[in-house]
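This is what each chain is made of:
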Amino acid sequence: MRKFHKSLLLEIPSGLLIIYAALWLGKLLSKASGELLPSSIMGMLLLTAALQLRWIKLTWVERTANQFVRWMSLLFVPISIGLVENIETLLQALPAMLLTCGLATLILLVAVGRFYQYWERRVQLKDDAEQHQGGAQ
Amino acid sequence: MNFFYLPLTIGLFVAARALQQRLAISWLNPVLITLVILVAALLSLDISFSDYNQYSGWLTQLLEPAVVALGVPLYKQLNDIKRELPQIMVIILLSALIAIISTVLVALAVGASSTIAASLAPKSVTTPIAVLISDQVSGEAALTAIAVLFTGLVGAVIGSPVLKLCGVHSTKAQGIAMGTACHALGTARIAEEGHQQGAYGALALVLSATFSAMLCPILVPLLA
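So the sequences go chain by chain: A and B.
Under my numbering, the residue at position 11 of the first sequence is numbered 11, and the numbers go up by one with no gaps.
All you need for my numbering is the position in the second sequence, starting with 1, plus 137.
Simulated from the structure, these hints should not be mistaken for laboratory data.
Any given hint could be a false lead.
[Said to hold, decoys possible] What follows is a set of in silico ranges between Cβ atoms, one per label pair, in the way DEER data are often shown:
#1 A:35 to B:231: 24 to 34 Å
#2 A:21 to B:301: 34 to 44 Å
#3 A:125 to B:194: 48 to 58 Å
Using N, Cα and C, we set each Cβ at its ideal position, and we do this for glycine too.
Sequences are here, hints too, so could you generate the full structure?
Right, here's the structure in full:
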C-alpha cells in the first residue's frame, strides 16, 4: 500500500510535467511550422518520439497518460453542450448535416474498418503460409 | 449553483459509465446520457449555455494534454505500426479522398449551397485543422466546427456497436476506422476498449488530418 502511494505521488506529477512540456514544445513547433498540425498533435508525436528515443522512461508518464485517455470522452461534454447553443446553425444545414455527418460517416467508418481488416487478414494468411512452407522444407 | 456544474457533469458521467458497464449495453453511451440529462436540466432551469461553459470550461482545457497523452499508446504499438505503415497510409489516404468527395457530393445533392458543402468537407478531421481547411476552401468556420462535433458524436455514440454489427472485430481496424472517420472524439471512445484501438486511432487521426489538409484545397473547388 505504502509503495503504491509513493509511486503514485511521483508518477502523477512527473507524468503531468512531461505531458505539458510536450504540449508546450508542440505549440512552439506548430507555430514554427506555420500550423502544419495543431499543437496537441505535435505534442503527441513529440511524446511518442521522446519515448522511442529513450529520452524519457515509459514509467514516468504511463500512469498519468492512461488516466487522460481513460477520461478523454468526458472532456468533450462541455463542447458538445455548445452544440445545442448553436442549434440554429445546425438546423439551417440539417439535411446535409444528417446525411453527410451521420450516414456518410457511418458508411465511411465501416468501409475503412472492413478494408483494413481484410488487408490485415490477407497479410496474416500470407505470413502463415510462408511460415508453413518454411516449416515443411 | 454555478459551482455545481462541474461536479454535476463529472458525477453524471461517472454514473452513466458505471451504468453502461453494469448493463453491458454499448449503445448506452456515457457522453450521450450526460449530454441529454445536462441539456434537459439547463433548459428546464433556464440556465444559459455560456454560463454553464464558464464553470466547466476547464474540462475543455484538458483536451489538449489528453491528445498529447495518446502518444503513450502510440509508442507502445510503434513496432507493429512501423511494419504496417505504408499500407496504413494508403488506406487512410484513400479514406480521406472518399470522405471529402462523398461529403461534398451528398451535401450538394440534398440542395446545400456550395458554402455549406465546403464547410462540411473536412467534417472527419480534428477541429483545429478542420477550421483551417474550411477557411482555405471558403467555407464557414462555425458551421465546420459544428459538423466536426456532430460527426464525432455520431461516431462516439453508435460507432463502436455499428462496427461490431458490420463484422469489424479486429481491434486495429476499429482504431483506424474511428480515428479516420470520427477524429479525436471517436478515438477517445474506442481507446476505452483497449490500448491497441487507442494507438491505431491516434495514428489514423494524425494521418487523416494531414491528408485532408492536402486534399481539400484541391478537391473542394473542383466539386463545389
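Indices of hints not satisfied (ascending): The structure breaks none of the hints.
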